[in-house]
Amino acid sequence: MKTCKDISELLSDSMDRPLTWRERWAVRLHLLMCRHCSRFQNHLHFLHKAAGRYYLNKR
Amino acid sequence: MLKDLNNHRTILLRYALLQLHDEAVAEDAVQETLLAALQTGDSFRSESAVRTWLIGILKHKIADHYRATERHYSMESSNDDEDQNEALEQLIFNGKGRWIGAPSAWNNPDHALEQDEFWAVFEWCQKNLSEQHGRAFMLREIVGLETEEICEDMNISHSACRVYLHRARLGLRECLEQRWFNAKREL
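Protein chains in written order, with our numbering: chain S, 1 to 59; chain G, 1 to 187.
In short, the hints are calculated from the structure, not lab data.
Treat the hints with care, as some may be off.
[What the hints assert, rightly or not] Reference excerpt, derived from the structure (chain G facing chain S, CB under 8 Å, subset only): (1) Arg14; (2) Ala24; (3) Lys59; (4) Lys96; (5) Gly97; (6) Trp99; (7) Ala105; (8) Trp106; (9) Pro109; (10) Leu113; (11) Ile142; (12) Ile156; (13) His166; (14) Arg169.
Computed from a predicted model, the values in this text were never measured in an experiment.
Beta carbons: idealized from backbone N, C-alpha and C, even for Gly.
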């Protein structure tokens, strides 16, 4: 059984590489039960979006 | 060839900005890099090899700039903040790997992107990361390099790179939550 810490690592990985189907399955299953990690996933997407706009907003 | 090189321009420019902090100077460095690349152009390389090669040239241009302006220049980063960051993880997860400070729901995050104050906080939080983690995050998410390129650039292993990115994201998320999304402020 994967912990929130494990899942947070996989969620971070998923921003950098495609997960294997086994990893995807583990993440999906965990997210069904864990709203904390679901929020973490949303926040990672937000960080990605914000970072992508970083230089646009500095001008 | 020129068209191919131009595809890498955005990434090169962001990379240069990260080091030089001045748009005009960064533009010049990228321009010189592309010119130098054209003069020694080699069309047998793969796309990713081209980028690595271009970044290599750009690094020299950036170093030249610092040499010319006689400012202290260092792309090296130290390892001495690693211990401190082990501690960061222990503040976020308990021994069983559960969240200690569980992420909270963020209210209308996209709205934050429109506010100058948010960007000041974002920058503050980014600077508050350890040097290595901050650099890995910026190279990945702001410059847009692939993890392999980051490993090479920072001269670290793939697993270290993975750990840095994870910790940077944890740290940045935590900081934004405390300093922006959950911070009391008048709107």
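The hints, checked one at a time:
no.: 1; hint: Arg14; in the structure: 6 Å, holds
no.: 2; hint: Ala24; in the structure: 12 Å, violated
no.: 3; hint: Lys59; in the structure: 19 Å, violated
no.: 4; hint: Lys96; in the structure: 6 Å, holds
no.: 5; hint: Gly97; in the structure: 3 Å, holds
no.: 6; hint: Trp99; in the structure: 5 Å, holds
no.: 7; hint: Ala105; in the structure: 6 Å, holds
no.: 8; hint: Trp106; in the structure: 7 Å, holds
no.: 9; hint: Pro109; in the structure: 5 Å, holds
no.: 10; hint: Leu113; in the structure: 6 Å, holds
no.: 11; hint: Ile142; in the structure: 5 Å, holds
no.: 12; hint: Ile156; in the structure: 14 Å, violated
no.: 13; hint: His166; in the structure: 4 Å, holds
no.: 14; hint: Arg169; in the structure: 5 Å, holds
In the structure shown, a violation is registered for the earlier hints numbered 2, 3 and 12, in ascending order.
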